[in-house]
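Peer 1: Given chain Y, put chain L in place with the hints provided.
So the chains spell out like this:
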Amino acid sequence: QKEVEQNSGPLSVPEGAIASLNCTYSDRGSQSFFWYRQYSGKSPELIMFIYSNGDKEDGRFTAQLNKASQYVSLLIRDSQPSDSATYLCAVNTRTGRRALTFGSGTRLQVQP
Amino acid sequence: DAGVIQSPRHEVTEMGQEVTLRCKPISGHDYLFWYRQTMMRGLELLIYFNNNVPIDDSGMPEDRFSAKMPNASFSTLKIQPSEPRDSAVYFCASSLTSNTEAFFGQGTRLTVV
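Protein chains in written order, with our numbering: chain Y, 1 to 112; chain L, 1 to 113.
Don't read these hints as lab results, they were simulated from the structure.
Be aware that one or more of the hints could be misleading.
Unchecked claim - Simulated crosslink set (BS3-like; lysine-lysine; CA at most 27 Å straight-line):
hint, chain 1, residue 1, chain 2, residue 2
1, L, 68, Y, 67
2, L, 24, L, 78
3, L, 24, Y, 2
4, Y, 2, Y, 67
5, Y, 67, Y, 42
6, Y, 67, Y, 56
7, Y, 2, Y, 56
8, L, 68, L, 78
9, L, 24, Y, 67
What the hints assert, rightly or not - Derived coverage of chain Y by chain L (criterion: at least 3 residues anywhere in the stretch with Cβ under 8 Å from a Cβ of chain L; other residues may be distant):
hint, segment
10, 22 to 36
11, 45 to 58
12, 65 to 76
Every residue gets a Cβ at the ideal spot worked out from N, C-alpha and C, and that includes glycine.
Next up, chain Y with everything else stripped away, as it sits in the complex (with noise of 0.2 Å):
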């Protein structure tokens, strides 16, 4: 099983519409939550951050966390054209390997 698992897409939604972005992690002790942005050709950006169980928000951009479940999601309101990039979940445990673990990342495709 990997660490963290994403759906590699690619998600197609319209413009204006909510993309809907989830992920799965393994480790029970992990404790931040990252998504990251990634344009073709260019290096990840951070877009939020999530510790604590439930939503997060930040202008068109909503994470949420259910440690319970081991699942944590990112929302995209009103999406354009140019939130079209891969989106990559990392998750930081508390035991062991103390950075970042990526997942394989969602390519999002926002048609016009």
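Peer 2: Here is chain L on its own, set in the frame of chain Y:
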């Protein structure tokens, strides 16, 4: 701060040659990470340092790979000898603590022919 700075941006080398990738982390960050990204394997952690000390190098694929951090503002990743399967984008990242976000450099695209 200019962010994490990596050099070179692109490197093309012949199989068997030595390759050295360089990284300058964000000033004040105590953690430095080297990642490798390929289509097949995604973003993999190779090694990370805390206060210039290597903490976990279990992701280094084999003895051909080595990394150093002689001071807080400079790190190198060396591949000797290089092989075509080492072709990938290598990212350096830094963070304040082990639990905060990592900031990535622009990456070095390595092609071994």
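Peer 1: With reference to the structure, classify each hint as holding or not holding.
Peer 2: Hint check results:
1. Note on residue 68/L and residue 67/Y: the hinted pairing is violated, with a Cα-Cα distance of about 36 Å set against a maximum of 27 Å.
2. For the hint linking residue 24/L to residue 78/L, the alpha-carbon distance of about 15 Å falls within 27 Å, and the restraint holds.
3. With a C-alpha separation of about 31 Å, the suggested pair residue 24/L and residue 2/Y falls outside the 27 Å cut-off, and the hint is violated.
4. Between residue 2/Y and residue 67/Y the CA atoms are separated by roughly 17 Å; this keeps the pair inside 27 Å, and the hint holds.
5. For the proposed pair residue 67/Y and residue 42/Y, the alpha carbon gap of about 31 Å is over 27 Å, so the pair is violated.
6. Simply put, residue 67/Y and residue 56/Y have alpha-carbon atoms about 14 Å apart, close enough for the 27 Å limit, and the pair holds.
7. Distance hint between residue 2/Y and residue 56/Y is fulfilled; the C-alpha atoms sit about 26 Å from each other, no more than 27 Å.
8. As the CA atoms of residue 68/L and residue 78/L are separated by approximately 9 Å, the hinted pair is consistent with the 27 Å bound.
9. Our distance criterion of 27 Å between C-alpha atoms is broken by residue 24/L and residue 67/Y, whose separation comes to about 35 Å.
10. Coverage of the segment 22 to 36 of chain Y by chain L holds. Counting CB-CB distances below 8 Å, 3 residues qualify, and the rule asks for three or more.
11. Only residues whose C-beta sits within less than 8 Å of a C-beta in chain L count toward coverage, and the segment 45 to 58 of chain Y has 3 of them, enough to reach three; the restraint holds.
12. Counting residues of the segment 65 to 76 of chain Y whose CB falls under 8 Å from any CB of chain L gives 0; the rule of at least 3 is not met.
Against the hints set out earlier in the document, violations occur for numbers 1, 3, 5, 9, 12.
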